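Could you build all of it, start to finish, from the sequences and the hints given here?
Chains as they are written, first to last, in this note's numbering: chain B, 1 to 438; chain S, 1001 to 1497; chain U, 2001 to 2916.
Hints listed in this document are in silico derivations from the structure and should not be mistaken for laboratory results.
Owing to the predicted nature of the structure, the values given are computational and were not obtained by experimental measurement.
It is possible that some hints are incorrect.
What the hints assert, rightly or not - These stretches of chain S come out as covered by chain U in the derived footprint (C-beta under 8 Å, 3 or more residues):
hint: 1; stretch: 1161-1169
hint: 2; stretch: 1179-1190
hint: 3; stretch: 1219-1230
Stated by the list, open to error - Beyond 12 Å from chain S on every Cβ pair, some chain B residues (computed):
hint: 4; residue: Ile5
hint: 5; residue: Ile82
hint: 6; residue: Gly107
hint: 7; residue: Lys201
hint: 8; residue: Gly303
hint: 9; residue: Asn352
hint: 10; residue: Ile416
hint: 11; residue: Val419
Claimed, not checked - Only pairs whose alpha carbons sit at most 30 Å apart, straight line, appear in this in silico BS3-like list of lysine-lysine:
hint: 12; chain 1: S; residue 1: Lys1381; chain 2: B; residue 2: Lys268
hint: 13; chain 1: U; residue 1: Lys2039; chain 2: U; residue 2: Lys2113
hint: 14; chain 1: B; residue 1: Lys195; chain 2: U; residue 2: Lys2090
hint: 15; chain 1: U; residue 1: Lys2765; chain 2: S; residue 2: Lys1246
hint: 16; chain 1: U; residue 1: Lys2882; chain 2: U; residue 2: Lys2837
hint: 17; chain 1: U; residue 1: Lys2179; chain 2: U; residue 2: Lys2826
hint: 18; chain 1: S; residue 1: Lys1490; chain 2: B; residue 2: Lys227
Glycine residues also receive a C-beta, built at the ideal position from the N, C-alpha and C atoms.
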Amino acid sequence: MKTFIAHLHPLLVHLPIGILLVYLLLEYLRRNEKYKLIAPINTILFFIGIGTAVLSIITGLLNADVSTYPEDDIFWHKWTAITTTLLFTLYFIIRNRIFYQPVYVIGFFILLLFSIVATGHLGGVLTHGENYLSFEDDIQPEIQPLQIKNIEEARVYEDLVQYIFNKNCISCHSAQKQKGQLRLDTYQYVLTGGKSGQIIKSGDIGHSEMIRRILLDESDDKHMPPKGKLPLRDFEVQLLKWWVQSGAGNQQHVNEMGKDSITAMAIKQFHQVFSQQSAPIQVERPVLNKFDPAIIKQLQSIGCTVTPLTQQENYYRIVAFNAKDSIYSVMEILQKIAAHVVELKLSFTNANDSSLQNLSKFIHLEKLWLDHTEVGIVGLKNISNLKDLKYLNLFKTNLKETEIASIQFPKELQLISPVPKDTLLMARDSVMVSAIKQ
Amino acid sequence: MRKLNIHQEAKKVSLEFQTRRHFLQQCRTGMGMLALGSMLDGCNYFGGDKENTGLLNANPLAAKASPLPGKAKSVIFLHMAGAPSQLEMFDYKPALQKMDGMDCPDSFLQGKKFAFIRGVPQLLGPQASFKQYGESGIWLSNHMPYFPSIVDDVSILKAVSTDQFNHAPAQLLMHCGTARLGRPSMGSWVTYGLGSENSNLPGFVVLTSGGRNPDAGKSVWGSGFLPSVYQGVQCRSEGDPVLFLKDPNGIDRDMRKASIEAINQVNQVAYQEFQDPEILSRISQYEMAFNMQIAVPDVMNITDEPEYIHRMYGTAPGKESFANNVLLARKLVEKGVRFVQLFDWGWDSHGTDPGTALDLGFVDKCRQNDQAVTALLMDLKQRGLLDETLVVWGGEFGRTPMQENRDGKQNVFKGRDHHSDAFCMWMAGGGIRKGFTYGETDEIGYHAVNGKVSVFDIQATILKQLGFDHTAFTYPFQGRNFRLTDVFGKVIEPVIA
Amino acid sequence: MPFQLKSPLFLSISLATILSLGYFLFIHQPKVDYNTEVKPILNQKCISCHGGVKKKAGFSLLFEEEALAPTESGKPAIIPGDAKNSEMIKRLYAKDLDERMPYHEEELTDQEKNILKRWVDQGAKFSTHWAYLPVQETTVPSGGFFSFFQKKDGNEIDRFIDQQLNNVRLQRSKEADKKTLLRRVALDLIGMPAPKHIQAAYLTDSSAQAYEKLVDSLLNLPAYGERWTAMWMDLARYADSKGYERDYIRSIWRYRDWLINSFNQDKSYDQFITEQLAGDLLPNPSDDQFLATAFHRNTMNNDEGGTDNEEFRTAAIIDRVNTTWETLLGTSFACVQCHSHPYDPFRHEEYYSFMAFFNNSRDEDTYDEYPLLREFRNNSVLQYDSVLNWLQTKANTSTNHFYKTFVKTGQQCINSLTADSLSNAALEDTKFLRMRKNAWARIRAVGLSDKQVLYIRYRMPVKYGKLDFYASSVDAKPFASVRIQQTKDGWQLMAIPMQHFFDGRKDIFIHFDSPLLKSNNDNGPVFDWFCFAPSFPGSNDPAFKTYFQTFTDLLNRPDAELTPIMMDNPSDLTRNTYVFERGNWLLKTKLVEANIPSIFNSQNKSYRNRLDLARWMTDKQNPLTARTMVNRLWEQLFGQGIVETLEDLGSQGASPTHQQLLDHLSYRFMHEDQWSIKKTLKRMVMSATYRQSSIVDKKTLEKDPLNKWYARAPRVRLSAEQIRDQALVICGAYSNKMFGPSVMPYQPEGIWASPYDGRTWEQSKGEDLYRRAIYTYWKRTGPYPTQINFDGTAREVCVSRRIRTNTPLQALNLLNDSTYWDLSLKFAKDILDKHPKNMDQGIVDAYETAVGKYPDPAKVKLLKNLYWTSFRTIQKNPEKSKALLTDSCINRTHELAAMAITANAILNLDEVITKN
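Printed below as a string of structure tokens:
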């Protein structure tokens, strides 16, 4: 029964907010001669408003008891609500005295308005999360790569468990959003649990709801993380199990806790996998206008393969194997759409220095294959202002090492040297010899 | 327009893909009649919107964009048919050595089925010695003296599992996602999804060595219910590299050119009469055939490779050999072939004869394999091809830690039976992590204890590297959307760089 | 008359207008059709979560009673007649994304929402998909008001076609010219050009009946049966090998011959499929009826060592179920294997009830593929007859039947690999039971009532040994004992009299030992099968010995052709059928009995075996059988089905372009034509729609690029079989030899390379090189390349529709394959013989032979050009012609070589490999 009444709170609160706001508006209007007559009605409105407000407070207090909202957050909501009610009552009592003194009245109005809005907002935050009302889109939290050098000295909770939560859970369970009234952004919340109680029973994996949910079959509706989100990896699960099993504390370091070989492996993997800085998948490129599709037809008709990089963007990968003898035409046509070309593969063609004379127009070029061509130093100079260029393949061209050294390449460029490394053979032989010796 | 961050971008791409998929379904049922070329294009599944790609491609193998950004552009799948023993190559089990000759504990046998082991077999210690190599400190056996020089470039999966312990079904499962016949192979899926970057070469090439086709036959490169144009083209080292490629004796290039020109011109006249677009597509197929006749023998010829390459791979032109095929794989990928599948037969080390003995025939197999494979990775690397080429190595299952006792009798030579619970595969290039091992087996290498991945996970990962979400890449057949990974599979994220 | 605004007429008119406008705008709600409007939305947007596989929130839209039942919330989601209060409709309009359906997917369009809302308001009526309702007679459209202006040629088919054409404002094309039509109808009906005399008869006959006569004479040619057999072989996944690893030979060509004969006899379709499904269960089945059941013995068989036979037996059974549905019932049933059909009204359990029809067939993935039908030849025929005679006179009915079946099919034997509880024995290579020193094995629950003798088939490597059989327990005395001797040439048959007789079912224990076996590992005998039988009759007759000997000879080394067939298990070997959870054969759950899906069995009749099944399928009330076949025949002639997805007429298939026509033809097929395929084909090819020209103008092409409405005849590339057969005829090499084992025409080296299979492709000799494509040997793991290049399927499982492609490999195949080069040479020789002087005339003639039409001068010019260019090249390098011509002692080698190049080009022309 208590819970039922408590759960009426979210329904009830809308009444005092709405009614008192209308009351306020009418009070403001009442100052005008024309609307004088509404005074008696407004008094009724006040009583209804304040009555429902009191009811809301009562149910709200009950609700605070039965729910698991964080105490801190409830504190402010509770007291603003009570203050607001008191302020309205105060106003009602003194209104006739100050009614014709604009400074007081307006001041009071603003105060009331503010307090009622604040109460509502704080309540909303409790149920919908902090960013519910915000202009930002719903964004995944950015997870930094792991910054730990020596995993053995890391703190089990802070560095491992919380990291796993941050990565996989807090998009739904944090200050911003509390699905199932659960927060996993700090140790305290984790211990507190959610709607259905504690989620962790220290030392007992079998009775820890969190572990149970993670281990459910992926098709199960109760499986966590839910469908559509990436499931935890094996080693993450192992680490969580290990942490719960060994007491779910937040003080220990990795090297202070006993572990079996599986856990040791999981820790190693955790370290390996998360400390890698994952490279950005794609460069951001400006959106380009479409061009005459006939250009692509032309390219295809002389043997080029033209593939869009993704299905939306207007950027292309051009492969010219079968346009071997028509590189001149290929480059002529490509010039018209130079900005659209991101990858250009001229391998095994008759491309030469003159083919590259307009290369600087290819401002978004990221990968360029000139291997197995006649390209020389003169042509290569044209790449100097291709600032996006990340990959350049010069394998089996006529270029000499010294010539290449004379060119200023972009810093991050991956350069495939023109010279086949016979030395590889040597390296391999020596490895083999040493391996056999061993 | 506001730029999207990566996360939003990925979401958007996948949404678009979903809707396209729906479109294809509707489109297909209405249009399957036409030659598939026009069908795919009419629906424009992968090609971006029509204005963008511009052309109604008559060629069903025309290159298409992957639905998601993918690191790899092509795949070399090295399949050791017969299933090599992980315990003599990658999975170092010192404890097993100590138990050599002991009866296998009952707990390992209960409820288990084996292909040939009957009754209680004995444990068999590793028939190789192991050391750690490279910066990554990965354990490797002495049967692979060359591999250490590239070990820092590969990710080794040590706990792969399958649910088939017979060759043909397990090979089918590995390549087609089912142990039964009738589904498209991985290469078919990929060429269906991405087309080919070189229209003068087949998009999906198969090379076999060891004197036999794999146990599951041509089905492991078959197109199943996908149109037959997507099936693997078996390139042979003897006879025509591709069936019917060579002109009849006495017909030279000029004569062939004259005859194809005549055929196409007559067809052109027929087109005037019938207005059937299919005729135009036939004309371009004849042109392509003519080009293939030059391009294929050219790429399949390894004699013009320099001496150091031959020494590196251990190749000898003119024979059917694994090394030759590995070199060919490099040449094919270099020329834009999308999917190259190598089958090397003869890894079934039961120990029934010297050829299948772990201390005899198997060692030879390892050595041949090791040199060629090491050379391949080195060569791809020095050519700048490894970033875009995904290399996958493995068998269809693994081998038991027990000595085989066929029909209850101890085999004459040292050998192991088929084992499906845990075996090793490796991947390299194409956005795969370098110098990494994933997964672990118990102390005798019998069960996976950690990082267990299934064959479907391997498939999902390969597709992911090529830019597909394996759950969304489907084809409607028999009233259902089929996919390579059936209803299984999970991308092995840890091995992705 | 001045316009009176206030005239009563005007007022009433405007009132009426306003009222009716108001009615149509605000009140009138057009009736929603469930099948065409609602079902597609449900299937696309809802059912993936609500129905079949998943029932989110306890709500499913698959079956009516499910959809209206209370959901998890306790209330039904659909309240018929009250959309406003139906949760399902409310959720479509919900604002909260977590509430709105489809869940986190794109919102339905307003139109879609409206349809669903109106549907619920109108009572949420479900109806059955058209394809699951029995075929009704349809009225032929009269053409309506404007029929006077319409063509009235052809037959009823054309009325249906015209009606649709009218709707899209298109017109049928004029009739194709005589020669084009001749080629088209011949390729369609007999799969190759018509024989010369039929051609001549038609071309010279100018009467109105000429075409009909042509059709009749084509239908009567033996080649007709071969052509339609080619189609059926795909459906039956016919192959001459078993599949999987070793892919060893399977002798099943007699089934192919049965097909040819059946088509040629125009066996009524109901009989045709009854025999294939259940020929063995017909009363006193003839050899032919047994052979027909090989249809379902075309499933694959795994010989690989160490495989679980039950697993592959199950796979074969599942294949039979799927194939039956896909080929004969046009329904994709395979998905019900794992869960209830997500879109059509079939339940998971029903799959297994249906599987029960097939689950009791005797075959169990054994190496020898038992049961086999023995067709005796030569001497054996006489022996067989004499044994039959003996049985007739000496045995009672049941013994007579037992032995007759035994001789004819080798049943009812127990395969040795079902033995278990092995002790120093093994199932060798999981094919046969092998026993060693002091070995034990058990066979479970053998029915022993009325059995007095035990037959065994075995091989014995050592000189002698003792074999004992115990019943129930090894403590008792053996009921049969025998000393077996070393066998010399392969398998040996032996009859062992039983010393004690039993009733009911007993476990049998087998023991073997021989003092000659030194170690435990030395091999003893290997067994193929055991058979417990009543004793051979007539033992008190002096002639007994002779007849018994004849009988064992027949069983042992018969001069017989063995063909795998279907037979059901005897009652003591009956298998139970269980539902497989999620389709996993190892997870057996509920026991089920044979039945057809309930949607087709509203009267709850009992269907027990395959014969009942066949009776249901050939019942005229069966909605699918006739439609499926008619649709398939239509596809063979018109290049696409009326329902394009031949494999699925259900709600996941394509919608029919001419549903009424399909029903009309299906009705005629069953009722008027009594399931005659020939009559139905004739009906189709007699239509003006079929006979029209395939030439298309730009406008029509734009309007109907896929030729859905048949404003022109379809133009499709020939099938792999048609291409080969036609080339054989054109080049004069065609052999009309019919029937017999499959042959091996020219094939490049290295296509066959299965492990552990030493067989090679041994090129046939003489006329066998030039037989029709259906006689080409089919090895599943190495199918004939030309077949595969031209879109044939590998015949591993049934793929009932070939998707046509157009690839460079096809070009290379026709240009360079020795078959075609050889044929080109033959063709060239023919031409030179006919036109020794006039090459140009020869080229014209060659073109005419190939295309069946006099060529366009432009084409002739191009071909002549090719001839003369080639001729000059060869003249300059005379050694080229030597290389070109395989036969060295021919005159005029230059001309011949150049003509061969030209002939080869002609064989490659689009017009030649396409049906115009």
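Structure-based check of all given hints:
Counting residues of the stretch 1161-1169 of chain S whose CB falls under 8 Å from any CB of chain U gives 5; the rule of at least 3 is met. Counting residues of the stretch 1179-1190 of chain S whose CB falls under 8 Å from any CB of chain U gives 3; the rule of at least 3 is met. Figure legend: the stretch 1219-1230 of chain S, annotated as covered by chain U; annotation consistent (6 residues with Cβ-Cβ distances under 8 Å, at least 3 required). Its beta-carbon lying about 42 Å from the closest one in chain S, Ile5(B) satisfies the requirement of being farther than 12 Å from that chain.
With a least beta-carbon separation of about 42 Å from chain S, Ile82(B) lies farther than 12 Å from that chain, consistent with its non-interface assignment. Once the 12 Å rule is applied to beta carbons, Gly107(B) is consistent with being away from chain S; the minimum gap is 42 Å. Listed as a non-interface residue, Lys201(B) keeps its Cβ farther than 12 Å from every Cβ of chain S; the least gap is roughly 24 Å. The beta carbon of Gly303(B) sits about 8 Å from the closest Cβ of chain S, which is not more than 12 Å, so the claim that it is off the interface is violated.
Non-interface status of Asn352(B) relative to chain S is upheld: no Cβ of that chain comes within 12 Å, the nearest being about 20 Å off. Not every CB of chain S is more than 12 Å from the CB of Ile416(B) (nearest about 3 Å), against its label as outside the interface. For Val419(B), the condition that its CB be more than 12 Å from all CB atoms of chain S is violated, with the nearest at approximately 9 Å. Between Lys1381(S) and Lys268(B) the alpha-carbon distance is near 28 Å, which keeps this suggested pair within the 30 Å criterion.
The hinted pair formed by Lys2039(U) and Lys2113(U) meets the criterion: a straight-line CA distance of about 13 Å does not exceed 30 Å. For the hint pairing Lys195(B) with Lys2090(U), the CA-to-CA distance comes to about 28 Å; that is within 30 Å, so the pair holds. At most 30 Å may separate the alpha-carbon atoms for a hinted pair to count; Lys2765(U) and Lys1246(S) meet this at roughly 24 Å. For the hint linking Lys2882(U) to Lys2837(U), the alpha-carbon distance of about 22 Å falls within 30 Å, and the restraint holds.
Proximity of Lys2179(U) to Lys2826(U) is assessed by CA-CA distance (about 24 Å); at most 30 Å being required, the pair is judged to hold. For a cut-off of 30 Å, the pair hint linking Lys1490(S) to Lys227(B) stands: about 13 Å separates their Cα positions.
Consistency with the previously given hints fails for numbers 8, 10 and 11, ordered from lowest to highest.
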